[in-house]
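Colleague: So the sequence lines, in the order shown, correspond to chains A, B and C. Using my numbering, the first residue of the first sequence is number 5, and each one after it goes up by one. Using my numbering, the first residue of the second sequence is number 7, and each one after it goes up by one. Using my numbering, the first residue of the third sequence is number 20, and each one after it goes up by one.
Just so you know, these hints were derived from the structure itself, not from any lab. Since this is a predicted model, take the numbers as computed values, not measurements. Each residue gets a CB set at the ideal place from its N, CA and C atoms; glycine is no exception. Among these hints, one or two may not hold up.
Calculated cross-link-like contacts (lysine-lysine; reagent style DSS-like; alpha-carbon spacing at most 27 Å) [said to hold, decoys possible]: (1) K90(A) to K13(A); (2) K292(B) to K90(A); (3) K210(A) to K13(A); (4) K210(A) to K292(B); (5) K214(A) to K13(A).
A few chain C residues facing chain A, derived, Cβ under 8 Å [said to hold, decoys possible]: (6) M222; (7) T229; (8) S232; (9) P247; (10) V252; (11) T255.
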Amino acid sequence: MTRSARQTKPLLEAIDFSVTLHTPSVSVRPVDRVSYSVEPGEVLAIVGESGSGKTILNMAPLDLLPVGVNADMEGAVRFEGVDLLKMSASELEAICGGGIGVVFQDPLSALNPVRKIGRQLTEGIEHHLGLTAAQADSRAAELMTLVGLSDPRSRMQQYPHELSGGMRQRVGIAMSIAGEPRLLIADEPTTALDVTVQAQIVALLKDLQKRLGMAIVIITHDFGVVSGLADKVAVMYAGRLSEIGGVRDVLIEPAHPYTQGLLRSVPSLTVPMNTKFAGLPGQPPNLARRIEGCAFAPRCAEVRPECSVHRPALLSVPRSATGHLAACPVVINHPA
Amino acid sequence: MKWFNAPIRIVGWPTLLLVLSFAFVAIFGSVVSPYDPAAQNLMQAMQPFSPEHWLGTDNLGRDTLSRLIAGAQTTLIGVTSILLLAGTVGMILGTLAGYFGGWLDEIVMRLCDFGFSVPSLFVALAIVGVFGPSYGNMILALAIAWVPIYARLTRGVVAAAASQPYIESLRVLGASPARIIFRHLIPVALGQVLVYASADAGLLALAIANLSFLGLGVQPPQAEWGQMLVSAMPYIQEAPRLVILPGLALTILVVGFNLLGERIALAKNPRPMARRKLSLRRAIFKQEMSA
Amino acid sequence: MLRITLNRAVSAAVLIIIASIFSFVIIAAFPGNVAALIAEMRGGFVSQEVVDRVAVEYRLNDPLVLRYFHWLGDVMQGDLGSSLRTGESVSTALAQRLQPTLVLVLGGSLVTLIVGTSLGLAGAMWPNGLIDRTIRAFAVFNVSMPKFFLAAMLIYVFGVQMQLLPTFGFRGPASWILPCIAVGAVPGALLSRLMRVGLEETMSRPFIITAKSKGFGRRRILFRDALPNIVPVFLTTFGMNIAFITQSSLIIEPIFSWNGVGAYFVEAARFRDLPVLQSCLLMFSILFILVNLAVDLIVMMADPLQRRAKRI
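Same shape as in the complex, but just chain A (with noise of 0.2 Å):
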């Protein structure tokens, strides 16, 4: 594919992409109609609460999630022109590793603990880029070098719980790099891990990101990682899109009223120390009924009787630059 063609189209595109997940205890729809796209070289953050559907938006096209987990998907998911939804297990399997990587939450569990990380990250390489085993060794090391790992002759040698939790997670973003993925996937990359190493990574990424010009979908909920990293944020409530726009315009003018509720929860170290923190008052609706209306109605400070009859569609915001859409009627219609 030529540069110019690919930047006609966007690298990922989801259309009107619904999940609905049946386990032998209970069916829920953890995405409802959602949509975004990912141009080539961009970073998209998704943030949301957890059990927001982030995870499964991302893993269920790709076949990734739990097993015992049956996951019926409608709509669409193109990635470069061609719909993942659609695919044989076959063709799945050489875009998985090969056009898109993935890095995992937890390091620890993701790894396999009796296998050599030489090993774990050499079969990857060899299986994408159709390298020998000797080509590919030395190229998993110049992989753990760009991830900041030293020595990696001797730590390809090593098991996965010889390794701090810091390491592991530099393993795990090389393999997912190892196949040279025009996308990459990172699901709370951070998260399981502590405070000073988490900045390390999320430095790490941006630098991969710069070196190697592949787009990233990262999902968290650390608005840290988002401002670090991202250039376009969506936010995500009860499955659905709430709000999706620039970094800059999101975080700092956000317009829908959970984006709002969701940034003043956010502790700081600014602030007078007995200030009151700020949480969201309520539950998050339960997925496995059917919502009407906009799925925040209940917890929004500025619900109006409209909100919870017809589900609000994402819409541009008044004022504000292109791009930046919110599913609030209120906000849209009623510019403060």
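Use these hints to put chains B and C onto chain A, whose structure you have.
Modeller: Chains B and C only, in chain A's frame:
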């Protein structure tokens, strides 16, 4: 019928029916049995299946069906007595070891280690060898060989329960060890022991048959499946049914016990969703969403 | 690693001491007059004088503790006493009868391994398929089947009906086949169940999703990622099964008329041959304790997680 619903839900009716029918035969065996299992009639020896003798007769003319029924009795009484003996002694040792700890715990656990490293049939065989082969000595020998299992099981449960805060507080409040043991620890251990015993019954039925097969357990003329099988081996060519029937009876009983034990042990684990259930869920959820 | 090895070795030694005490006490607990029994088994006229002479010869009047140490001293010098029935030295008899038992245990282990791995892998490769369900039903049935019944059926089908394989005596490789199958089938079925369940459990762990995210198919993940994870459990279970395979020699050797150690033990139990019983129990116990020790150490070395844990 509430008391009946829970076991059916946990175990499933086929397994329950299987085990209960063996128990029925064992309890009412002498009533339903068509002939005296020990009555010999050489004129009627080696009869095939017939209306008089449904399952034929053996080399001494004894009715096979009656002997199979008597064998069920022998086996189930044996299994029950061994479980009672081994369970009681094991629970006493395990509770003392788990509650008091120290050197008592050390000794009991070393003995258990020994019991676990040497297969039970060796120990039972040596004991029967010393005391002489008989039904009672076999039960004694198997009970001794099975004690370590229940001692260790109880000890684990009791030691874990004894360190729970509510037991600690009972001790601080001045409850006597006997009260704590009998009112609080034994009931917890008993549940675990019963679950384990349900899985163990099959192994014990096999052990009884093994010893009797070797001529070291149940002695003639008392009927037992393993012994029936071994005495039929010389006639395997002309009357294989005499070998197959007792073996099959024992196998089916053990299958029943094993299924029972497996179901009870797995009762807590979720089972994977069947395809029919999944499509049902899809339909229900669709309705829920469109309502 | 070294400290753990020493630790295990010491507890194995303690177990061996317990085994020797148990083997001794069980004979000392004999109900009735041992001297009279021995005199009787030697045949001839049993008078009080003969009984007294036997009691002195076997040191039956010494205190129990003294007798134990005396017996222990003999055992350590390789003297396991002699059979009451035949007068034969027990150590010589054991050595003579070792070969069939060894063949049975090794052959049975081989059958166990072959049946366990092939059925376990087949079940995991096509989960809930026809093969998997057949194997599961077969495993439940097989585990519940008494070994002597299985052996009798093998004799009936392959020996009596098809006249294919010898069913009597220890006479060359063809005669080994049926006994080894009779011994190995049940542990094999157990092992296959364990493997199937272990693989399924491992396939639901998070690092399998990682492997999928690298673009590998299910079968490759099963062999490269899941299989290495169950090796320690597999080895431990297989090690435990060696004891049960050996135990089967007690049943299988008499059925196929093999003159092995298992048959020797059973014979001793039938005739109340106390020295033979005592020595067999002690030797088997020591064997099992040593096998357990070896399996523990091998598993420790095969498992990278344990290797690390022991090093700290």
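Colleague: So, against the hints stated earlier in the document, which numbers end up violated here?
Modeller: As far as the earlier hints go, 4, 10 and 11 are violated by this structure, in ascending order.
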